Amino acid sequence: MSLLQGAHPQTSQPAEARAALLAWPEFNKPAVWLVAVILLIMPFIANGFFLIEIFATTLILGTVALSLMFLAGYGGMVSLMQLTVAGFAAYMVAVFGMSANTNISLGWPWWLATPMALILATVFGTLGGALAVRTEGIYTIMITLAIGAAFYYFTNQNWPIFGGHTGINTIATPRFWGIDWRSDIPFYYVTLGVAAFCYFAVQYVSRAPFGLALQGVRDNPRRMAALGFNVNAHRVAAYAFAAFIAALGGVLQVWNYRQISPGSVSVGACIDILIIAVVGGITRPIGPFIGAFIFVILRTFALDLLVKLGLDGNRFRLLIGLGFLAIVFWSSDGVIGLWERWRRGAAAVDKRAGGGHGHG
Amino acid sequence: MFRSCAGLIALSSLLLSGAALAQEKIKVGVTATLEGTYTVLGEDGIRGHQTAINTLGKKVGDKEIEFIIASTDATPDSAVRAVRKLIEQDKVQILLSPLSGDEGIAVKNFAKTRPELTFVNAASGAQETTYVDPAPNFFRYNMDGAQWQVGLGKYAYDTKGYRKIATVGEDYSFIYTQVFGLVLEFCGAGGQVTNRQWVPLGTKDFASVIAALPDDVDAIYLGLGGADAVNFLNQYQQAGGKAHLMGGSIMVDQTILSAKGNAKNALLGTIAASGQADTWEDAGWQKFVKAYQDAFPPNKRFPSPSLLATNYYNSTMALILALRQVNGDLSNNQAKLKEALAKIELDAPNGKIKLDSNRQAIGTNFVTEVVDDGKGALFSKVVKVIPNVNQTLGYDPAVFSKIGLPSRTVPECKKY
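Protein chains in written order, with our numbering: chain B, 1 to 360; chain C, 1001 to 1416.
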């Protein structure tokens, strides 16, 4: 045994490297490296507004939508409560941490409040998932939407914990090693780090045995059950994993705005996450981030664009809606689908499309 | 290829246009509720803002003020997002924001994180905004919800003879503040408030609320606004409701009184209190009404400015006048402008306004009754004018602080 181990590094290093490349095919493409480098040097290109309001917001919304992509793409479960889980985590940061509302906030330091929020939100998402896995298809959508709507109205009317319609203001953000982590550049790197972590986590899980089994459950639950897999346990575990990712997004969101109120967890906002995931494409983890980028750009600039064209600025929602309609009309699997079709057309190579990187 | 190029050019021109315009301009960001339940209120607020610009002009010395408008939906989140967009993307130096109560609390808290900028409240009226831990760079030239109810409780008790009332209000800070002002005065005079119902902002179905209204009360107080108020009145009439009504400041207001349909007729004879009265004889008020009417065609405005239009008019006027006093000098973190704003005394259309040490308005309040002008249009008629209403409503500050902050159950119905 020890002999074998001793021999291991010399003989199998190239093999290991090849295995790593097989497991992470992204690293083989120059475009991926280019995007990574651009994201890393973004603070030197973009100023405060673009850095935070566009790119950091994209990464945060993308992270929340990524959790939906994981459930929908690999598990076949469209959950509309992912934003609710994120909002729950955000509220918990405010409740356990420090804020201007001293009647509600317990005043814990951030390094205690944040893990607490993540744990509670993961538990919340898992419980919601445990309810939702008893249903399929449209009923899953219904029950998760119901959880989202119930949470919204609850926060709106509950004053002792959630601060009612006013919400909780001036939430403290982390400061350590002499850095204010909410100032623009550090915060950008925090969101980038978290988003990258979630992205690779989803990527990894999708190829791990659990992820493969989950995709099996998506494609044919009966056969998987016959093979001895516990179908519901896999689905609940998927909800738990997705809830953790959504919770990370929620914590970032509350640090970003330093304020949380029911408007952030409204039904409209839940649907926005679905739009982001669908527009980007739910077949790959990168989809939600692309969708979030398009969403943020449209949301931020639609009003200005209309005014510039001499039209009534009040109609900016129409422009946003038309943009989404166009994307969904021309590509049922989002921007990712468009990209893949274009590439296929260019290379004239018939590649198998569909979920799960062709592994699943 | 061509299409993507055109898209790129359009996008980059959008991004670059911000930098090209930076001359001697003072940039002011304005927010209003142009979406959601309070859309009509926000739109009329912007009309008031525009009327002030028409009257006073945009010039400050050799500089010009540029106003940039952003939209919110009465939720605090949307207000903070809009304000941040204005500051970070449009590079505004001064904010004229926001419209609604909880937005005000959130923007006040946000103002503390940008102490170098100046925030002039546009119209929001929650008490907490300037009463609890006020921000030194946040100025409010309109009274809060409780100040706007001064006189109503006494008038209802003494003149109308109401002894027992129930309230229905939207479940958020501004309406709490309004009910706070009403209950304090009505119960202080000896009346009873038997039942307080709260509905979420944006409620569409009031059936259960209407069914739960008590029968043994002399009047029902309505603290609703915008679409909520119209929905309630429609359903109340259909349910055959006949009780006497009392109204809050955005309930008996042109945003409701000039709504289409018959529902508003339920409001005839309703008593209310507000920072303005539509048919006040005062020359300054009449001049403002005329300016408002002349600025917009009749189908694009209300017959007479709403409370929101007046508030936006006043806050815009305060800002322009203060900027002129300091000749547009924004150096040293706008210190001179802030000083001028704190000291300015406005000769506003709805009476004189000055600020207290929390930078909160002390102004004039009006008790009104809804009348028909004979042509089917409804207006609020003055029955009483109360000058110099301060934020503690005439109470000793120590006594006032013991009452507690407005909420669903505060204040208790008793004499303080």
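Calculated directly from the structure, the hints in this document are not laboratory data.
Mixed in with the good hints, there may be bad ones.
Unchecked claim - Distance condition first, Cα-Cα at most 25 Å in a straight line; then the derived PhoX-like pairs of lysine-lysine:
1) K308/B - K1375/C
2) K1242/C - K308/B
3) K1164/C - K308/B
4) K1336/C - K1025/C
5) K1336/C - K308/B
6) K1375/C - K1300/C
7) K1091/C - K1027/C
8) K1164/C - K1242/C
9) K308/B - K1058/C
10) K1300/C - K308/B
11) K1091/C - K308/B
Keep in mind the model is a prediction, meaning the values are calculated, not measured.
Please name the hints from earlier in the document that this structure breaks, with their numbers sorted from lowest to highest. 1, 2, 3, 5
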